[in-house]
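Assembly of the complex is requested from the two constituent chains, each provided in isolation within its own frame, with the hints serving as guidance.
Spelled out from the first residue to the last, the chains are:
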Amino acid sequence: MPTKLIIRNGRVMDPAGGLDAVRDVAIEDGRIAAIGQTLDAAGATELDASGLIVAPGFIDMHVHLREPGFEHAETIESGSRAAAAGGFTSICCMPNTKPVNDNATVTSYIIERAERHAIVNVFPIGAITKGSAGEELAAIGLMKEAGIVAISDDGRPVMNARVMRRAMETARSFGLPVIDHCEDLHLSAGGDMNEGIQSVRLGLRGIPAASEDVMVARDILLAELTGARFHVAHISSRHAVEMLAFAKARGLPVTSEATPHHFALQDRDMPPYDSNYKMKPPLRSECDVAAITQGIVSGAIDAIATDHAPHPGSEKMQEFEQCPFGILGLETAIGITLERLVHSGKITLMRMIELFTTGPDRVLDLKRGRLAIGAPADVTLFDTERSWTYDVNRSFSKSRNSPFDGYAFRGGPVATIVGGKLAWSADHVALGVPAASR
Amino acid sequence: MPGGLLGIEALDRVEIEGILDRAKRFQPRQTDSKKSDQLRGRMIVNLFFEASTRTRTSFEIAAKRLGADAISITASASSVSKGESLVDTLNTLGAMHPDAIVMRHSASGAPHFLARYLPTPIINAGDGTHEHPTQALLDARTILDRRPTLEGLRVAIIGDIAHSRVARSNMYLLSKFGAQIVLCGPASLLPPELAQLAPGISLTHKMEDAIRDADVIMMLRVQLERQHEAAFSANEYFQFYGLRLEHMSLAKPDAIVMHPGPINRGREISSEVADSQRSVILNQVENGIAVRMAVLERILGN
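Chains as they are written, first to last, in our numbering: chain A, 1 to 438; chain B, 1 to 302.
Derived by calculation from the structure, the hints in this document are not laboratory data.
From a predicted model like this one, the values you see are computed outputs, not experimental measurements.
No residue lacks a Cβ here, since even glycine has one placed at the ideal position from N, Cα and C.
Heads up, some of the hints might be wrong.
[Stated by the list, open to error] Reference listing, derived: stretches of chain B covered by chain A, where coverage requires no fewer than 3 residues with Cβ under 8 Å from a Cβ of chain A:
| id | region |
| --- | --- |
| 1 | 103-111 |
| 2 | 124-137 |
[What the hints assert, rightly or not] Sample of chain A residues facing chain B (criterion: CB under 7 Å; computed from the structure):
| id | residue |
| --- | --- |
| 3 | I197 |
| 4 | V200 |
| 5 | R201 |
| 6 | G203 |
| 7 | L204 |
| 8 | E319 |
| 9 | E321 |
| 10 | F325 |
Pulled out of the complex, with its shape left as it was, chain B reads as follows (with noise of 0.2 Å):
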């Protein structure tokens, strides 16, 4: 991956089981704040267009911790809010010369679009409803955790697919490895052509279909602001499509509860589910230092 990672869908399997394998290798130093020297010298550029916490700091830390020069910028404070275009705020950053550039944009394509123009390495911290690969990097590494293998599994998915980058990449990489797929949401939040981005995937607008016998669950967040329209009030979401410790009994006994956050409680997940022994939430957010370490090394490490 020397031209950066900007999604999951062009990956192949040796590369992600490349970068989840060194991931656990660098789990131990998610609770060391011990700094390496693999990185030392680097310059990486956080340049976050859109809000964000866990991942921004998550790629701060990883940064940080294989000894490399980390600077986050938010676009509200940056020449952006002067008119600035964005391949002129990307062709400014790139006369600094970072070695990399990690960046989180509102529409999809912003980074492979810059990646066209830039010879810095890009990678891709979400872009607009299109792919968060790194999410789905260190939520394959928080299966991993608990399973075996990936194939095999039954993942549903479920919430507003049709807006969600997080859904996309997993669905790339967990189509990858053979596991099955059910995505399961409003029917305008799920278009039905997500049938045919990648084997393995079925659809279905009832919960219970898609929890019925999971290994794992994946909650989405609800993103109000980008429905045009919203199809449901928050009541009626929850009750269809709000994950409740009544549903837990039809997926598998061990089954997991996966949400990349931010959480809305009451909203697509009750309070007890998200604190429940199922609930790896955090375990996501740890995972994603490990991951982003991993991923950072493969792009820059020589």
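Looking at chain A on its own, in the form it has when it is part of the complex (with noise of 0.2 Å):
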């Protein structure tokens, strides 16, 4: 039997098509059949969306889902009950896993447990080289044709210039893109937190927002030397925006990612070692949060991703030097997106949606983040005005390190459809079947 599922009365909004207006959704058998008013209910399932925006599904193309090998911090099924609570459809995960997603094996591997035992859509990221040790290429091709949809040594990035010129090169020729987390490891190397003037008061290392640029630098040239397509992964300094915005306007394939936490805090707004504040890149300092909001405005900025880093309480639990870097982020994407950045009125909210959506499609090339007739039905519910207060020990996630816990945010993800099903929804909603067919 057909299942079919109607969406009814939403404001629909949908980047790539244009469209903004209230509508009916229908849903059959996985796909999205028909996008109209008042739209025959007859056998379907229905999801009353009055007053709630309802928009492609949305994109999170920069996570950690710990499997394999971190089972305890998170696996494959709980980062993606996560994703689907935050309002996400789909994922890509980066390949820092034990072991590293750096061939075939582990990226099928990724891929099959995913299909078991997921409730969004999985993409796995294979690494740039083996092992991410930044010495040898991983093999690139082999995963690429076992499903992964970009390369990256995520947290471990290549430090040898000439390798990434190759890594680049084999990219281009297989049609992915290359991302890099741009840290130069010599420059940031021991730093906790930000260089400045809370690094100094606090004692604690730094890490330079040079650190940062000098690779976004190398990349860009590379990028220009190579051909390849290039993205830059968590942009959290000023210059490294205004490079991007350089090399776009220079007409290169240069795309980029900024998180909620680096256009919502700052290093001052860390409560004293307080290590669920502490993340790579480090939260920047006032003049580099209002750059990167500046850049999401401007376009510089693609999309926004996560970076959802789940680390067990063991590890967050300790002198703040020791603890590892990274925050959850899936949960509370949304809320932070729209308090900061709609809310504010500093982008509207169809560029919102385009951010979660077309703009890491673009870089990605999933064939996701658009509400046509005929494409998977990957849609997010959500709403711009209800109140809720975050509760990271409710998450779906098996960590707890967020900064967030205990905030109270306007608007939120409300329903999340994956493939025509309702993957997650909030409290409050509830699927009916009309009076009118039953």
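Take a look at the structure:
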């Protein structure tokens, strides 16, 4: 029996199709069947979306699912549940698992596990080098055949420019983008937070913004040399944004993403030595935060990605300098973006949706992120007004490392539909069969 | 200060003056080993995760002079070496209900992190490269034994400022009382942001500029263990940042020389200066007991 779902009366916003109107969206057999006014409901389950935004399924192009190898921190299943609860229908997982996703066997394992256990779409990102050790190239072509959508040595960036050049050449030949976590590891060595007055005050070793900038500069030049598509992960510094704008003005195929925490928080917001504020790149200064926001407004930044990085309490409950880098992000991204960018009038709601849909899709070419007839029925429903409070202890993630615990938001995810199926909905949402067709 | 003493930055002048005044009254007892019973029945755990001779001994003596029981634990001999986490170590000690924990740790913020989870008052005896509050208090006591006020004094702090918890605590304290603080050191050990930490701070790379007209010269130990790469050889460091007799003519005629110890003779200070009449290094050590008695009394006294 065909499954049919109608999303009624929502404000349907689709950046790719330029649609912004109150419409019904009909879904059949996992695909978008129709978008129109007062669609026929015979035999369909209905979801009342009055007062809600109905958008193409959100894509988070930068998450860490920790499986295989670190299942105590997160699994593909738990991470996918957190994604659904955050309004994401597709997530791209970084290769820093154990073993590293540097060959087709690991890629296939992740894809198979995801097919069986994930409630959202999972797209693996392969390593650039074997073991992400920065020396020999990984099996990039074979991983592409197995299903990776990009390559990255996230967290352990390739320091050798010659290796990076070869990686870009290879990626280009296989039609893959190269995502770089831009950090000169020599400049940042030993650092625990942004270098500035706060690091000096707290007696913590600093990570200078220049450690990001020099790698962004290097990679832009290498992208020009090789013709590769180059994407800057979690851009955080003022100069990096300026260089992105420069590269784009030169017509280079260069893109970037920003995380919600990098436009919502600055280094001085950290309560003293709270490791839930420790991540890479670190929370930067006020002028960097302003530049990230401006980059999102201007288009120098193409996507919002969370860099969801679960770590168990046993690792985060230590001396600050011992704690690993990274924070949760999936469940708070929409709330933070609404508050900091939309409600504050910096960007329109349509631009926000673009940053979560067509923005990442243009980088990765997932053929997702639009509400076209016949497209996979990935739909994100959110509201812009309802107030709610994030309780990290109720998170679907296996970890609890969020600086936004207890944070009161205005607007957030309401329901997440993946391939036509309701993957998650907020407590107050109910699916119903309308009286007329009972 | 019912919650302990984590740093000088958060204290106000009244609190600091209270401790310094009280410490002055304890000074005669620095040389008198008689115990009082002010803190009788109180237990203080000295938990040192980093080597320390003077601070640990000084806290121990201070506790005993006040009649408290003091237990000292060094990390290498404890369960830390068996892989126990800091939180678990402190929870374990906390379950034995000490009245205060005096803590030295190589990680900045380690006592602040623990203070969030433990009800026991924590006294910071030095955390990484952050603060060393009782050192600044005993330094202030030492200066005030020779000057009527800190206000308007010109204090040069010379050496590895970037990695110095002593410098940070002293900057906060001296600044709160209106002293002029000149920080001096090699460029890589003197981040420019230091000037914004508190009012009245200026920076220089020239030792002569720092010492000129100084009332107080504070020398810091070169902390090779905290530097990724040493900017200077020992010889070169001593040439540019080592305090020698010839420098003393630039300072005020009655200027004093301080050092938190342990001193490296011939590295940051010449033997002649360290042993000169201007040096108050041993007075600092003496005042450590009085100041720590005042701090313990303040935190544990009724």
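Comparing the hints with the structure gives:
Remark: the region 103-111 of chain B is confirmed as covered by chain A, as 5 of its residues place a Cβ nearer than 8 Å to a Cβ of that chain, reaching the required three. Residues of the region 124-137 of chain B with a Cβ under 8 Å from some Cβ of chain A number 5, which satisfies the need for three, so the listed coverage holds. This hint holds: A/I197 has a C-beta 4 Å from the nearest C-beta of chain B, less than the 7 Å allowed. Proximity of A/V200 to chain B holds as hinted, the smallest CB-CB distance being about 4 Å (cut-off 7 Å).
For A/R201, the interface hint holds, the least distance from its beta-carbon to any beta-carbon of chain B being 6 Å, beneath 7 Å. Of the supplied interface hints, the one on A/G203 holds, with its beta-carbon coming within about 3 Å of a beta-carbon of chain B, less than 7 Å. Because the smallest distance between the Cβ of A/L204 and any Cβ of chain B comes to about 5 Å, under 7 Å, the interface hint for this residue holds. With 7 Å as the threshold, the beta carbon of A/E319 comes within range of chain B, its nearest partner Cβ sitting at about 4 Å, so the hint holds.
The beta carbon of A/E321 is positioned within 7 Å of a beta carbon in chain B (closest approach about 5 Å), and the interface hint is therefore held. A distance limit of 7 Å between C-beta atoms decides the matter here; for A/F325 the minimum to chain B is near 16 Å, and the interface restraint is violated.
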